[in-house]
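Q: Here is how the chains run, residue by residue.
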Amino acid sequence: MVLFRGDTTLVVEANALLDVCRFLRHDPAMDYSFLVDLAAVDYHPREPRFGVSYLLHAFKHNVRLRLRVLLPSQMARLLSVSGVWPAAEWMEREAFDLMGIEFVGHPDLRRILMPADWEGHPLRKDYALGYEEVQFSFNSREIDRRKDYAYE
Amino acid sequence: MRAFPRRRTGVAMGAEQKLGNMGIVTTTLEKVVNWGRTGAMWPMLFGLACCAMEMIATQAARYDVSRFGMELMRASPRQSDLMIVAGRVSRKMAPVLRRLYDQMPEPKWVIAMGDCASCSGVFNNYALVQGVDEIVPVDVYVAGCPPRPEALVDGILKLHEKVRGESISRWA
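So the protein sequences, as listed, match chains A and B.
Each residue of the first sequence is one higher than the one before, starting from 1 at the first, in our numbering.
Each residue of the second sequence is one higher than the one before, starting from 1 at the first, in our numbering.
Keep in mind the hints are simulated off the structure, nothing from the lab.
Computed from a prediction, not measured in an experiment: that's the story for all the values here.
Just so it is clear, CB atoms sit at the ideal spot from N, CA and C, and this is done for glycine as well.
Please note: incorrect hints may appear among the correct ones.
[What the hints assert, rightly or not] Taking beta-carbon pairs under 10 Å as the criterion, some of the chain A residues facing chain B (in silico):
hint, residue
1, Met30
2, Trp85
3, Gly120
4, Asp126
5, Ala128
6, Ser137
7, Tyr151
[Unchecked claim] Computed cross-link-like contacts, DSS-like style, restricted to lysine-lysine with a CA-CA straight-line distance of at most 25 Å:
hint, chain 1, residue 1, chain 2, residue 2
8, A, Lys147, B, Lys92
9, B, Lys162, A, Lys125
10, B, Lys162, B, Lys31
[Said to hold, decoys possible] Just so you have them, the derived chain A footprint on chain B, three or more residues with Cβ under 8 Å:
hint, segment
11, 114 to 127
12, 134 to 148
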């Protein structure tokens, strides 16, 4: 457990995550009924590679709690918490789309921000930036020739 | 295109003036059709991002574009002839944009409004199409981030000049 400037973070094991979430939601003393955010981080050269962070909020007590799960790069898989908080459906789709973390038991795991047939997970640290060469006056003519413009 | 055959009885130099006084104008078919096209060009609602706000401001009371005949912004591509691409086009939106462009009937024109539509502006990355001219052929590019309504009106006027210069061979 980490205390940082008044925020409490619990670092949880990946296989204990679903039980902890169910307890936090359904226990009447806890009642964390609001999943504020689900975010995934890529610490690329470092192992464990991925961290998934769940920010929870309890309306009754007005407290926030953060859960963190660290995942190695070979086993980037987690049990889905969309059964506990339905808001997690789209957030897990975003984490899957942009980071490649697979959520087992998710009702509809597909890409949400990138086109459906996109390959690769853009927000990983080893993904190419994908930018186009900047056109200055000295290379503008060559770039103009190489670029595929649309004609009718 | 004359309204009636020219009579030969003493109407030599002041012919045009006399005809004008009677309310008759002679011109070419090209000019009339091009003038008609510029008179009431209906834009299609295609505001994607922040440039859409400036397009809306151009449509609103102060910088009115209904003086150019554009008081209706049609949501349906079948009823519009100008597509003002206002905003960033993401790779997910690109096939939709092309499909809407294909559904517009001829004659059709495209104005790429803003930096993101012209060359993807400040966003040089994997997610955005680098300039909407990779998808549809563009007639006029309006620069700015976002372009002021006066800049968009200037772009529309340039498009009008371009349309007025079109020739019959382009229509077929």
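Q: Each hint: holds or not?
A: Checked hints:
no.	hint	in the structure
1	Met30	violated, 39 Å
2	Trp85	violated, 26 Å
3	Gly120	holds, 9 Å
4	Asp126	violated, 13 Å
5	Ala128	holds, 8 Å
6	Ser137	violated, 14 Å
7	Tyr151	holds, 6 Å
8	A:Lys147 / B:Lys92	holds, 20 Å
9	B:Lys162 / A:Lys125	violated, 47 Å
10	B:Lys162 / B:Lys31	holds, 12 Å
11	114 to 127	holds (count 6)
12	134 to 148	holds (count 4)
Going down the numbered hints, you'll see the structure goes against 1, 2, 4, 6, 9, while the others check out.
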